[in-house]
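J.: Listed in order, the protein sequences are those of chains L and X.
For the first sequence, this note's numbering assigns the number 1 to the initial residue and increments by one for each residue that follows.
For the second sequence, this note's numbering assigns the number 168 to the initial residue and increments by one for each residue that follows.
Derived by calculation from the structure, the hints in this document are not laboratory data.
Just so you know, these numbers come straight off a predicted model, no measurement behind them.
C-beta: ideal position from N, C-alpha, C; glycine also.
Incorrect hints may appear among the rest.
[Claimed, not checked] Partial chain L-side listing against chain X, Cβ under 7 angstroms, derived: (1) Cys40; (2) Ile75; (3) Glu76; (4) Phe91; (5) Glu92; (6) Leu97; (7) Cys99; (8) Phe101; (9) Gly103; (10) Pro104.
[Unchecked claim] Across the chosen pairs, the derived CB separations fall in these ranges: (11) Asp496/X x Gly138/L: 28 to 38 angstroms; (12) Arg126/L x Ala567/X: 27 to 37 angstroms; (13) Asp44/L x Ala270/X: 26 to 36 angstroms; (14) Tyr139/L x Asp496/X: 27 to 37 angstroms.
The primary structure of each chain is shown beneath.
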Amino acid sequence: MSEITLVVNGEQRALSVAAETTLLELLRAQCNLTGAKLGCDVGDCGACTVIVDGEAVNACLMLAVQADGRNVVTIEGLAGRARLHPLQEAFEACGSLQCGFCGPGMILSAKALLDAAPDPSAAEIRDALAGNLCRCTGYTKLIEAVQAAGETIRAAATGPRRAAGQE
Amino acid sequence: MPERPRTTVEQHERSQAVDPTVPAAMSLPALRPSAVFPLDVLVPQVRLQTPAVGQRATRPDARLHGLGLTRYIDDMSLPGMLHAKIKRAGVASARIVRVDTSAAEALAGVVAVLTGREIPVNSFGPTFQDQPVLAAERVFHAGDGVAAVAAISEQIAAEALERIVVEYEPLPAVFDPLQALEANAPRVHGGASNVYASKTIRRGDVAYGFAQAARIFEGRYRTQMVEHVPIEPHAAIAEWDPNGRVSIQSSLGRITLGRADLARTLGLPMNRIRLSGTVVGGNFGGKNEITLEPVLALLAKKAGRPVKGVFSRAEEFTASTTRHPFIMDYKTGVTPEGRILAREVRLVLDGGAYCSWSETTLGKACILATGPYRIEHLHVEAMAVYTNKTMTGAMRGFGAPQVCFAYESQMDDIAAALGIDPLELRLRNVFEEGSISPTGQVLQSVVIRKSLEQAAQRFGWREGGR
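Isolated chain X, as found in the complex (with noise of 0.2 angstroms):
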């Protein structure tokens, strides 16, 4: 059993007798203490959460989160909401001829409904506006929504989907990224290619590093599509008032940026607009756009009832993002000794229907995928390309796990083929105090040599504790 703490009242209380800074109102608990749980600690001090390296610290959330009493979005609700359910297009790639929702309207209980054409600037995303909150002309990846309900209840919602009739053109879809890249091959958004970013890291120079060197290893490394999965769906809840502002809670992480994609979709200025993030069961990166939250707020002004909407376990695999599946080419030039004179990097990023957040993704990868290695001489080259898929965007790490995966299995493949231990390889390569990365940085406090020599010590490396 762990060590426990230290009572977090005596920690509250000493914290109040020692820092005069925090006023004496704000150190009031949330609750009363009186409560009928011992709610007593409540309150984060701010400047107080951090102490010390070393001390243990609880969430000052935790309690409850344990109690139950969290209130996430789903949980809570307003006089007269309905629930909002979104019509998904299922097909990849087509044209959308009609978009019939009278049956869907003709529902008892079904309040309003919203297509594509009724939504004021129906685009949106963090780098280019590529994506439509609902398709209206076109669908570009199965997750789309072409229509959504708001009913009183989720069932009569999810009655009302299946009523709405969307007839389909289907078009040429591509769902490999290298096949994107070809001549023919159909462009998700028109236009000359369907490379959406890319971007080249060069230092050095590559083929006097490759003449230099003793052997040469090329590989192939790929990664697949991931998804956040957090535990509480994206969820949100839209409300106006008379004077014709809209509040919105939301699961979503960056709400100022959201605010301003919001403004952008529904024609209004910013102040009109109030956007408040909830406590979120998990975001992971998954939550940093708005997904739902204009749909949402068109609906609850049709209604002119509050309205909530929750993403089914479905649409959190199929219409929200998801991590960069990666096609990466290494070639590695090294001496006899294993240390690295030239590395070639080609990174290909399956892009999905929309750019979100894949041109940080690129930059990032970019700028890590020759790993954390001294070479002289290096080429990286990384395009993210659209494909009919669900999109990418931001998850944990921004493509860095992706590299890290291809550029430490061509370590492996390379110790392994010059008869020398894999750690001793890297400690060959690595970053020293004051070296510099491939985009130039002079890199201080590196303390990789220090950090893989301890971990080898701790799990017995060689020993052989492999």
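Extracted from the complex, chain L is given alone in its bound form (with noise of 0.2 angstroms):
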């Protein structure tokens, strides 16, 4: 066993692993944070993605004693107490969750995305969305979702007036 210090969703935590547990078999059985879904285990889906020191990661292929030190952030680190995250709002309001599955990993790609880039092109958008796959919606309504969810936040770093307003 290891003992392995990470930032998980804000929170400094101090946990003990063994050698071949998984980034997501940590979050998942030791952190209680489900929201990253094992899809494949061989990194093909995405429905794992977690969010590591800003860059979207397959959580099945990295080992969790490769996260220490490092910041983890989780779909369950999103929403604030008073509201969801933009990308939450917009994947909600563009019928971009069906089954649901993939949103989660879908959601943090997209928001690495966003914080490299608020005003990406379709095209970077589906670069970014490309490691995770949906079987459901057929991509469209997840890339005018994250479309909507970049403006929301550009809006909210122009005019803080505008962006609370929510019209």
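Starting from the two chains in their separate frames, assemble the complex, guided by the hints.
T.: Encoded structure:
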């Protein structure tokens, strides 16, 4: 067993993990954060996507010990007490979540993109979501939601009054 | 950006004001509004879910999905719960000579091991009960389960599977449905033939129709096997109570049918089985029958502890149902103007190792095989054939997409050969109000002509926007 410390959703955690434990198992079994899903266990589907030090990663392919000393954000860390993250709002409003299983990973891939580039082109969005498979929606609604969330985030950055207004 | 919908809170409150038939208690949110997240409107108002066509609607469960709070099977665990894994045969056709589970049982952390011989009634299926829960005597395809293990962790269960020794005596196998039809082909399930379901539809006199035709077109069209690939794999948790009732939470879609299948395989009356369908991470027809549920129930019984099982992605491909590959022979006689006079269709469905929903698929494919066209003389014959491959079953459309691919491909071939615009060829043949379907149904509310014309206009078909 190895002792690791990492920040999960802003909270410092000290955990004891076996060498073979993946970051996904750590989050799901030890931290009780089940938002990241096990879809394929080989890095194909992206249902396990979390953000590590600002980058979207497949938590099923990362060992827990590799997350030692790093900052991890899961879907559970996005909404605040008062409101949803703009991506969560947009995914709900645009009908981008059907069965919902790919949703958390999809939203986190999109968040990593918007954090780095708040005004992405449709091609950049497609590129950022390329590692996340969805079998229900057909992707169009997902791309629309990311664009909508980007608009909300940009409006909040440039004009706080407009952003708070929410029409 | 799409127009932001009116806040659902307002909708909710308005709906309460106008619909006194919804009892007040039932309109309470599932989680209190003071919860950490804005969850105020999570109670779906059944009567009000579709207020009117053209209004924006959001899914009542979308918020929990987006928050990552939806609980799928694999997100749940019960006290003392074990993890199950199923050993897959890896050979397509064989007799099972011997299954030795002693080394697996000896592994620390393994609590229960199950083989096919321990299953009370080792067969199930929605149409024919031709599928073993775990193969006991005979392996019919490589994805067949031959043994199962419940252990305190998934890793130990996986390790235990490798210690199970299964001795096979290979048997002849058949993989091509056309070869499976031949007289000397190996019989997958014995019997006189590998054909396990067939159907014929006849109308008019095709020989007469072809004799009247100016041109006759013949073509063979094939489609491939397709897996549903739900992002959530098949999953279930089984638990027994001290009174001998089993509770199973499952990603299964058809729980009523599943309970009957479970009652049969477990040899239990139905009132001893509680089967709950949970939130499902994608079904698409692939979660319409029991898979690992009886295995988990028996492992849980042997272990005296709850058991969870989740298919690996590989098992999704090898051990769950798929879409039928079709081999489709189409023969169509037309007038010089492209009116279809006669059509003869022969469909061979590669059914894989088990029937599953093949009969339903076969029926639907047959009815739809000649397309949405007025054809006076037609003959459709279809058969589903056993092969030693992954079983085929229900998947979105039940055979409709396969035949659509064939008849529309042939329509394009005919249009090109006759020099008629492909849209025009279809408009000359499509169903009209009151047309009669191949099985004699008088069709009403037929809008196909209008649909085609509107679609063509919207994407500029006539202007060359093809």
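J.: If a hint holds in the structure, say so; if it doesn't, say that too.
T.: Going through the hints against the structure:
no.	hint	verdict
1	Cys40	holds, 4 angstroms
2	Ile75	holds, 3 angstroms
3	Glu76	holds, 5 angstroms
4	Phe91	holds, 5 angstroms
5	Glu92	holds, 4 angstroms
6	Leu97	holds, 4 angstroms
7	Cys99	holds, 5 angstroms
8	Phe101	holds, 3 angstroms
9	Gly103	holds, 5 angstroms
10	Pro104	holds, 4 angstroms
11	Asp496/X x Gly138/L: 28 to 38 angstroms	holds, 32 angstroms
12	Arg126/L x Ala567/X: 27 to 37 angstroms	holds, 30 angstroms
13	Asp44/L x Ala270/X: 26 to 36 angstroms	holds, 32 angstroms
14	Tyr139/L x Asp496/X: 27 to 37 angstroms	holds, 36 angstroms
Violation of the numbered hints given earlier is absent; every hint is satisfied by the structure.
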